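K.L.:
Sequence:
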Amino acid sequence: MSESTPEKAVVVKPAAAKKAAAKPVVAAAKPAAAVAKPASVTASAPASKSKATSVPATQSARDTRSGKKRLPTKALVGKTICIVRVRGQTGVKPAARSAMTGLGIERRHSYAVIEATAQTMGLLMRIKDFCTFGTITEETKQSLKPLQSPRGGWKSCKRAWPKGALGIRQDMDALIARMLP
1 MSESTPEKAV
11 VVKPAAAKKA
21 AAKPVVAAAK
31 PAAAVAKPAS
41 VTASAPASKS
51 KATSVPATQS
61 ARDTRSGKKR
71 LPTKALVGKT
81 ICIVRVRGQT
91 GVKPAARSAM
101 TGLGIERRHS
111 YAVIEATAQT
121 MGLLMRIKDF
131 CTFGTITEET
141 KQSLKPLQSP
151 RGGWKSCKRA
161 WPKGALGIRQ
171 DMDALIARML
181 P
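Start counting the sequence shown at 1; every next residue gets the next number (the working numbering).
Treat the hints loosely; a few may be bogus.
[Said to hold, decoys possible] Cross-link-like lysine-lysine pairs, in silico, BS3-like; alpha carbons within 25 Å at most:
hint, residue 1, residue 2
1, LYS79, LYS145
2, LYS74, LYS163
3, LYS93, LYS128
4, LYS93, LYS155
5, LYS79, LYS128
6, LYS79, LYS141
7, LYS141, LYS74
8, LYS141, LYS128
9, LYS145, LYS74
10, LYS158, LYS93
To be clear, the hints were calculated from the coordinates, so they are not data collected in a lab.
Bear in mind that the values here come from a model prediction, so they are computed numbers and not experimental data.
My request is simple: use the sequences and hints to build the entire structure.
P.N.:
Here it is as structure tokens:
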């Protein structure tokens with residue numbers, strides 16, 4: 001009996017020894033890779049911090065990523081704004097649809113003239129993907145008639161101004177002049 005017990009132990013030990021020998025090799029490879037990663041991470045971390053400190057405090061992170069200058073909507077409060085619908089009814093979200101219905105711009109090339117307040121600016125942010133808007137002068141307001149498609153066409157009905165036709169724009173008077181019959 002004593003002979004069978006050591007044989008079992010001898011049979012079990014080589015299998016365990018093979019597993020034990022295989023594990024340290026794998027385990028030794030993992031710490032080496034793990035040690036190399038923190039060194040590269042710590043080397044790049046100060047570089048990213050220096051980039052963040054070089055951005056002026058007046059600029060937001062979103063502006064630095066896009067590289068665009070954004071028009072402040074708060075500057076429009078108290079001015080006369082004309083809103084022209086650029087896109088049709090397909091794919092309009094319910095919140096945007098109800099906002100455009102409330103403004104009376106249910107069809108393409110229809111327009112609304114409103115006085116800008118904080119509430120209407122929030123409304124315009126809902127519909128900015130389907131309309132274009134901007135300040136207009138008093139003489140443009142007097143010359144408004146039913147509008148047609150602009151001469152020369154839209155830049156793009158899917159992108160925001162200045163690369164496309166949607167959203168807030170600075171040259172609303174010029175657009176309306178192109179859309180008058």
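K.L.:
It remains to establish, for every hint, whether it holds in the given structure.
P.N.:
Here is what the structure says about each hint:
1. LYS79 / LYS145: Given pair LYS79, LYS145 holds - Cα atoms ~20 Å apart, limit 25 Å.
2. LYS74 / LYS163: holds, 22 Å
3. LYS93 / LYS128: Holds: LYS93 and LYS128 sit about 12 Å apart, inside 25 Å.
4. LYS93 / LYS155: holds, 23 Å
5. LYS79 / LYS128: holds, 18 Å
6. LYS79 / LYS141: Since the Cα atoms of LYS79 and LYS141 sit roughly 12 Å apart, the hinted pair holds (cutoff 25 Å).
7. LYS141 / LYS74: Judged against 25 Å, a Cα distance of about 22 Å means the pair holds.
8. LYS141 / LYS128: At roughly 21 Å apart (the allowed maximum being 25 Å), LYS128 and LYS141 satisfy the hint.
9. LYS145 / LYS74: violated, 28 Å
10. LYS158 / LYS93: Since the Cα atoms of LYS158 and LYS93 sit roughly 15 Å apart, the hinted pair holds (cutoff 25 Å).
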